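Per the working numbering, the sequence shown starts with residue 451, numbered consecutively.
A portion of the hints provided could be inaccurate.
To be verified - Computed cross-link-like contacts, DSSO-like style, restricted to lysine-lysine with a CA-CA straight-line distance of at most 30 Å: (1) Lys713 to Lys677; (2) Lys547 to Lys734; (3) Lys623 to Lys694; (4) Lys734 to Lys698; (5) Lys694 to Lys634; (6) Lys713 to Lys567; (7) Lys623 to Lys702.
As the list claims (entries may be wrong) - Listed next, with one range per pair, are the computed distances between beta-carbon atoms: (8) Ser580 to Asn553: 27 to 37 Å; (9) Lys547 to Pro661: 40 to 50 Å; (10) Glu615 to Ser557: 31 to 41 Å.
Hint data in this document are derived by calculation from the structure and do not stem from the laboratory. Just so it is clear, the structure is predicted and the values come from calculations on it, not from any experiment. Here a beta-carbon is modelled for each residue, glycine too, at the ideal position from N, C-alpha and C.
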Amino acid sequence: MAASRGFWAKSGKYHPRIGNKVMQMIFRFAIFISLGSLPSASWAFPYTLTDVQTANVHEHLPFGLPSTGELLFRQGYVVSHNNWLKIPNWTAYHLTKEHVQGNIPRSNDFRPDLSLKTYQRAELVDYRGSGYDRGHIAPAADMRYSTTAVSESFFLSNMTPQVGEGFNQGIWKDIEEMVRDWAKERGEVWVVAGPAFEDTDRVMSFKLLGPHHVAVPTHFFKIVLSKDAEGTLHVIAFLLPNQKLPTKDLPKFITTIRDIEEKTGLDFLNELNDGLEEELETKKAPNLYFW
């Protein structure tokens, strides 16, 4: 979204901003439910990134930082965590052909993220008996090049409540497998994924899980970028409802980055020049194979 710029970490400074009115509605509604009142403090505050953190952002988000939130830096990904909804705003990671060839086993050590305060994080009890899967945003299977990276993918700060059958265990898993195939074929890809919330007649409504009120997204998005041999950027984007879906319907959920921005209030590709940003954000991939 070319009209909004300025929170890239070139100088080591991160200046978060809130998204559009839809995102503000989500945040305020969640706080009202969990705390019983609305905050009066400022939504945004700048903080300084270390050199290592800045390098991490450049690796995983070379085309721009999408939004606000508590940035958490892991070996294999960066996550913007929503401390009110107890889920990621987005998770981003760089996936290479070499990464995909890793064979570190899945750890299954699901656990709360203790780097977050108690009132900011989801706990295992929130998901227990809920009927929802603890759905990875950065998949464990993409982190198999490192024991640490695999383990860190099981932090609940990298999880969201997802419908299990037909979504987390179905169509969403299929997208994850395609991303790994694209990384093998193209050498590397960059991925940004996360939740979205749909409003109906200007009313935002979504479920909250457990004693810590973990938000259940109505939708999920995934954006995948790659470069060809000439350095030209290519993109495919998906936006899917959080429900049981036939795998054969996946092409129906190909969308544009601009549509995802309008749904989420996030601002992708803001480090590209305005013309290229506009081109990539409004281009819809024709199919799953040629993009």
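Against the structure, the hints come out as follows:
The suggested pairing of lysine 713 with lysine 677 holds, with an alpha-carbon distance near 26 Å, which does not exceed 30 Å. The straight-line distance between the Cα atoms of lysine 547 and lysine 734 is roughly 25 Å, inside the 30 Å bound, and the hint therefore holds. The suggested pairing of lysine 623 with lysine 694 holds, with an alpha-carbon distance near 12 Å, which does not exceed 30 Å. Simply put, lysine 734 and lysine 698 have alpha-carbon atoms about 19 Å apart, close enough for the 30 Å limit, and the pair holds.
In summary, the hint linking lysine 694 to lysine 634 is supported, as the alpha carbons are separated by about 28 Å, within the 30 Å threshold. Annotation: proposed proximity of lysine 713 to lysine 567 holds, straight-line Cα distance about 28 Å (limit 30 Å). For a cut-off of 30 Å, the pair hint linking lysine 623 to lysine 702 stands: about 16 Å separates their Cα positions. Distance hint check for serine 580 and asparagine 553: the Cβ-Cβ separation is about 32 Å, which falls inside the suggested range of 27 to 37 Å.
Checked against the given bound of 40 to 50 Å, the beta carbons of lysine 547 and proline 661, roughly 43 Å apart, stay inside it. With their beta carbons about 23 Å apart, glutamate 615 and serine 557 fall outside the hinted range of 31 to 41 Å.
When held up to the earlier numbered hints, the structure conflicts with hint 10 and nothing else.
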